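Enquirer: As a plain string of letters, each chain reads:
2 protein chains.
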Amino acid sequence: MNAQTSAAPFTFERIAQDGRARAGVFHTPHGDLLTPVFAPVGTQATVKAVTPRQLEEIGASLVLANTYHLYLRPGDELVAEMGGLHQFMHWKGPILTDSGGFQVFSLAGIRKIDDDGVTFKSHIDGSTHRFTPEKSIQIQENLGADIIMAFDECAPPYDREYNERALQRTHMWAQRCVEAKKRPDQALFGIVQGGVFRDLRERSAEFIAGLHTPGIAIGGLSVGETKEEMNAMLEVVDPILPEDKPRYLMGVGSPEDLVNGVLRGIDIFDCVLPTRLARHNAAMTRTGRLNLVNAAFARDTRPIDENCGCYTCQNFNRAYLRHLISAKEMLAATLLSIHNLYTLISLMNDIRQAILDGEMQAFAETFFKNRELVQE
Amino acid sequence: MNAQTSAAPFTFERIAQDGRARAGVFHTPHGDLLTPVFAPVGTQATVKAVTPRQLEEIGASLVLANTYHLYLRPGDELVAEMGGLHQFMHWKGPILTDSGGFQVFSLAGIRKIDDDGVTFKSHIDGSTHRFTPEKSIQIQENLGADIIMAFDECAPPYDREYNERALQRTHMWAQRCVEAKKRPDQALFGIVQGGVFRDLRERSAEFIAGLHTPGIAIGGLSVGETKEEMNAMLEVVDPILPEDKPRYLMGVGSPEDLVNGVLRGIDIFDCVLPTRLARHNAAMTRTGRLNLVNAAFARDTRPIDENCGCYTCQNFNRAYLRHLISAKEMLAATLLSIHNLYTLISLMNDIRQAILDGEMQAFAETFFKNRELVQE
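Taken in order, these protein sequences are the chains called A and B. Quick note, the first sequence lines up with residues 121 to 496 if you use the numbering used here. Quick note, the second sequence lines up with residues 121 to 496 if you use the numbering used here.
Rather than coming from a laboratory, the hints here were simulated on the basis of the structure. Check each hint, because a few of them may be wrong.
Identical copies carry no separate label here, and so any pair may be met within one copy or between two of them.
The calculated DSSO-like cross-link candidates involving lysine-lysine, where the alpha carbons are at most 30 Å apart (straight line), are [what the hints assert, rightly or not]:
no., residue 1, residue 2
1, LYS255, LYS302
2, LYS448, LYS212
3, LYS212, LYS168
4, LYS448, LYS255
5, LYS241, LYS448
A quick note: this is a predicted structure, and the numbers were derived from the prediction, not measured.
Extracted from the complex, chain A is given alone in its bound form:
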């Protein structure tokens, strides 16, 4: 757990810059975030299969929770009654909530989208609900995260016409979110959209930067476009975004995406990948992945990764993990989640150190050289 902040909340100090890569400190009411940082995802107010104490031991600092899910269950008003998300889920460090937009567009049944908001059906019970920018902020104020997100419209990355329309709404909605926001102890981030279109991304970065929010998110990437296109979009927005604000690349979290993102000026990442892969028996390493269901591991006395310092690698071998998977034991998901999260968080720590040492380029070269050609 980071120490409580001493500087004013939501100021961002750049400690070092190496090429476009930045090492910094983002001050929040629940402690300082050392950036670049990877945030585990706690969709329903829990990072699946791990306790908050285990998250602390892994070295997690920022945790993400999903507004759409918590609005539906247990309800944002209930969470507020319980003293907010920090107290409810017992996470003492900083929390980030998304706006609910992405889930509404990907999970829920959309009934109607208009300039004012979105009417949708719950994926749980089919009941009808409506999100507007104001409603999203109200829910996020009830949840009480340190970092909250503007309500945006997520468009399919290659549909130019859709992206043009969605971008207009996203900008209008971001403005309304800024106006609706009341709590001084929360930082609202605007979100840059624009699909794979350079001019739309430029226009969006300029508009969102003009809102002067304490941080800026980049959305609509890692949603079907290629890695090259994602990297190109980051390079388009990087010079436009203010240097003195943290930049958050939403929903991105393979090891190579983290390195590529940092090289292009990103400070904050989140992704379900490490915990989702864990529940599907896959262990992440810096060089690739192991599917532990494989019979080749049945008598393998090595840890997942001999260089890993996590609880799982320090105490259990591949044969045991494979046994847990074969026997359908819950402990498999827990031990693999611990390992996968540790892999990304320790990678981030090493990246930060490389930036501080002015050696990020060499670090990235070694990283990519060691990485097997695997599909992330």
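Dock chain B against chain A, hints included.
Expert: Relative to chain A, chain B alone:
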């Protein structure tokens, strides 16, 4: 974790006796067991939903694993190759394995039972296998637990004729297990059977005591008979069993059973109840049970038990636990397992202290007065 033993392995020191209740120390190669003790069950070489580190934090000392399950998956020879169960599952304290008998008679499809052994079908893939007393010992020697069990035949508690036949086999098989056993670092316990029949239990206690094993188990209870019948059977065997050997009541573990067992001279207990109830959303307390799925808990800001010192009660309230259950999050099973195990283990610690203080009778009276009339 208890300190490594200084006295010779498998000696049992009675520290205090209060009525029939005994407080003692059982020395094993993996540390001293302070008795009376409750052992969490790690059926498939894992106590479901909790890590070994969490088990240590809960204060667990002895863990049970199931010979039948581990023989089928991953195989006892594989476990032996991995350095034995302690290393495989990373449990540094004492481990107890059952003989496989109970599971063969309750889970597997029995094909043939004769005086030499049992032929059965795996519940996993239907393949045919055979256990004999010698085979059970061989498997348990491969698994490498500190305490191992004689292979026995479990009969329905009320069937007199069946129990007479089964008892003969159980005694013959116990003798064969004693002869088959080779490892000096394992303690073999004989098992007293006999259903609900006083004379059979007497005869069995006398026979098994005559084998001079370093401990004696009492099997075939909590399998359908009443609490009164179970207590009566314990009272029948108690004066026959040697005072200087630990007595293990197999598969029993509701809070009231623990108190009743200790009052009748039992030193060791195990049961799946706390972890199984946890996976079915029930929290155990000293006075009863809470089913946390209940809507009454949706806004309940109290911990499960205000007097409980476990990680779950120290950090999470009932509303959050109910949310995890509603949202089908794995963390619910983990947090409830931690709480339920802690409840039984701390109860045992308090029982031991009451015996040391010569106040076991008063402790039991208060315990039963506070306990609600619930079906365990």
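Enquirer: Would you mind marking each hint as holding or not holding in the structure?
Expert: Hint check results:
Proximity of LYS255 and LYS302 under a CA criterion of 30 Å is satisfied intra-copy only: 12 Å inside one chain copy versus 72 Å between copies. For the identical chains of this complex, LYS448 and LYS212 are inter-copy neighbours only, at 23 Å across copies versus 32 Å inside a copy, given an alpha-carbon limit of 30 Å. Taking CA atoms no more than 30 Å apart as the test, LYS212 paired with LYS168 passes in both settings, with 17 Å inside one copy and 27 Å between copies. Taking CA atoms no more than 30 Å apart as the test, LYS448 paired with LYS255 passes between copies only; the shortest distance there is 26 Å, against 41 Å inside one copy.
For a Cα distance limit of 30 Å, the shortest separation of LYS241 from LYS448 across copies, 20 Å, qualifies, whereas the shortest one inside one copy, 33 Å, does not.
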